[in-house]
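S.K.: As a plain string of letters, each chain reads:
Protein chains: 2
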Amino acid sequence: MSKCLVAQSGGPTSVINATIAGIVKANQLNPIYDTVLGGLHGIEGILDERFVDLTNMSDEENQILCQTPSSALGSCRYKLKRDNVADFEKLIKIMDKYDIETLFYTGGNDSMDTVAALSEYAREHNITNHRFVGCPKTVDNDLMETDHCPGFASAAKFIATTAVSTWLDYNVYTRQEVFILETMGRDAGWLAASACLSGHVDVLILPEEPFDKDLFLKQVAQSIKEKNKCYVVVSEGARYADGRYVAAGEAKNDGFGHAVLGGAARALEEMILESGVASRCKVQDLSTAQRCHASEQSAVDVTESFRLGMSAHMHSANPSFTGKMVGLKRREGEKYDVEFITVDADKVANFVKNFPTEWLLPDYKGITDEAYAYLRPLIVGEPPLIVKDGIPAHVIPYYMR
Amino acid sequence: MSKCLVAQSGGPTSVINATIAGIVKANQLNPIYDTVLGGLHGIEGILDERFVDLTNMSDEENQILCQTPSSALGSCRYKLKRDNVADFEKLIKIMDKYDIETLFYTGGNDSMDTVAALSEYAREHNITNHRFVGCPKTVDNDLMETDHCPGFASAAKFIATTAVSTWLDYNVYTRQEVFILETMGRDAGWLAASACLSGHVDVLILPEEPFDKDLFLKQVAQSIKEKNKCYVVVSEGARYADGRYVAAGEAKNDGFGHAVLGGAARALEEMILESGVASRCKVQDLSTAQRCHASEQSAVDVTESFRLGMSAHMHSANPSFTGKMVGLKRREGEKYDVEFITVDADKVANFVKNFPTEWLLPDYKGITDEAYAYLRPLIVGEPPLIVKDGIPAHVIPYYMR
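First to last, the sequence lines map onto chains Z and W.
For the numbering used here, count along the first sequence from 1 and bump the result up by 863.
For the numbering used here, count along the second sequence from 1 and bump the result up by 863.
Bear in mind the hints are in silico, worked out from the structure with no lab data behind them.
Not one of these hints is a red herring.
Coverage of chain W stretches by chain Z, computed from C-beta distances (three or more under 8 Å per stretch; other residues unrestricted):
#1 937 to 951
#2 1032 to 1040
#3 1156 to 1169
#4 1243 to 1257
Pairs of lysine to aspartate or glutamate, EDC-like flavour, derived with a Cα cap of 20 Å:
#5 Z:Lys1251 to W:Glu1197
#6 Z:Lys1251 to W:Asp1232
#7 Z:Lys1198 to W:Asp1252
#8 Z:Lys1090 to W:Glu907
#9 Z:Lys1251 to W:Asp1200
#10 W:Lys1251 to Z:Glu1197
#11 W:Lys1251 to Z:Glu1245
#12 Z:Lys944 to Z:Asp1207
#13 W:Lys1090 to Z:Glu907
FRET-style restraints, in silico, Cβ to Cβ:
#14 W:Lys1081 to Z:Lys944: 36 to 42 Å
#15 W:Ser865 to Z:Lys1145: 35 to 41 Å
#16 W:Lys1081 to Z:Ile895: 51 to 57 Å
#17 W:Ser1138 to Z:Leu1136: 30 to 36 Å
#18 Z:Glu1089 to W:Lys956: 33 to 39 Å
#19 Z:Asp1226 to W:Tyr1235: 50 to 56 Å
C-beta atoms are modelled at their ideal positions from N, C-alpha and C, and glycine is treated no differently.
All chains should be modelled from the sequences, with the hints used to inform the complete structure.
M.R.: Written out as structure tokens, the structure is:
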């Protein structure tokens, strides 16, 4: 028997560790490998041979790992460049040295490119004793070939809950008020759209739909006219038809080189106040918290992330299983259910799955019933949470031990 | 028998409605009043005779009301001015008209001033058939004469959980990084201090301690030197020795009249980047979410808020009980427990209880063991949460029905 190696890459999520926990648990139940190594800080740490042994993780640690947000093994932004042969050779050498048969890599489309590139390199060099398997994760939900991405649903749940909460808050006074919630999503609007699950979004601005300032202000004015309030949700990646980010601000238009002063929400606030459409505006930028809020996992999400790890482990018993990503396919039928599928990592790498524009109502009015049907089942369920002194328990990151 | 009237004022909290629920439930168990009216939008709506009948609230509604953040009766910023006799006369007339014996007013120190002013007015005019009772609430925890304020603990719990979560997040890369978390607290640093419950705050900046830019940068540099990271928490009200807010930015110093560009965290970020002490900085301004995040109540907090309402109701059976606020006193002993006390509302009105400077470690290094001992028990416990489709259930605000 040989070893497998798990590592994490890209931005953290609330459930990314559950995939690791799933791989570890699967190997305890069905020991395909004699050792499960964790690679610290993704490819960056693997190239430095920074490993921890996860093989005999206790059930308690496994459970707490599942509820620990952010990459417990550490992450990296290091991208294996296809022309950097030295890195490839070094990695294969390290895998040989430690007898690592399979590398499981969790991440977004950059990471899937890494998986594709490594398996391609191995194939081209007739290296048959190493396998490379991708496990998707991204709060952005923008990976192709999978119904959705582990990590998205928990962020969506946090966003929807925060939207309900802040909507309840901004309504309490009789005065005129606009609230602007900014979510992550530089290229895809999935997270911003999920705020609609609150049922209270008046104006929704996604990157997928060119931003039209006049139409936006008209819609805010309409809402103010109807109820003296307007709840706006904007994706950080909202942009004009010519590609300029709304977040870059008006200043950029006039060529004066003014500094970029904030996010998309602040830019919208400025438009609203300057135009006089409303006199009060509050901004909430969810920033980092939305992708890692410990007490707001979706049970569906964390379970799927865990099971995806188990599925990846099982598939990897097949010596020809390489260059693949394990994805999720939604089953037909009334009741929400998924099956785990395998897809070629190169079909995922470097693509972006946008929020479908046909799921958008016209004039920034939100999302269609089809979009609700897609989103709603994902955020369901609250996993039991181990709490210590009022704060969710978490494992000490492995890179700190 | 006569009626009582409950109303809410000032900024919302996560548990403010539990006090209303406690008053309603207490009157169901021990009907001192034949009717419990809810006044919409505080004094503002009461003067417009905008009432709802809460007397026969179902147990289910009562339970969901307890977990509904923000003022379900609506709020106001309207302050009864002591020289505005017309308002006082009108209010007494309305109370006479509806046979309202007791007004329960939940709020911060402005609201306690309203309670004090009304009872004073009544005493001066020999009005003996109306009583005015204050129930404290404020996330800022800055009211005198009470160990702490309902609402604070849930906000503190959200802040501590977010601090743990974002700390786990910002650590994942090997690169240098500063994270700055900004909390509410214009005059008092209780909320910012509560982030220390995460165990991960390197630099803590409160309004109670004059801000010294050089010392701040020195402390950040020290942390960067030690571990390449620095986790900063700052209160929105952080200020220089001369009283200027840090949030007002450096620009204000030079008299050029530059616009205020953001909060305290953004100002600190600018200082760090400009000084070159660190090259990367992330900011998370918790903004509105910290005072209303539905899924993050502290069980201690919501229970105390509910019981405080019951206690206020019970005390109000005494015809001479007026101009009082019901507060919390922490019992001596190892195990955390409180009793409900009554204090004169005018001893609370218009004062601010600061975070004790003797509970601060020198050089922005955080808080003392005594401070931890004070804070820790408050955030304990997670109340059972009724969730619908993945989002915490809430009552429809009464002012929207």
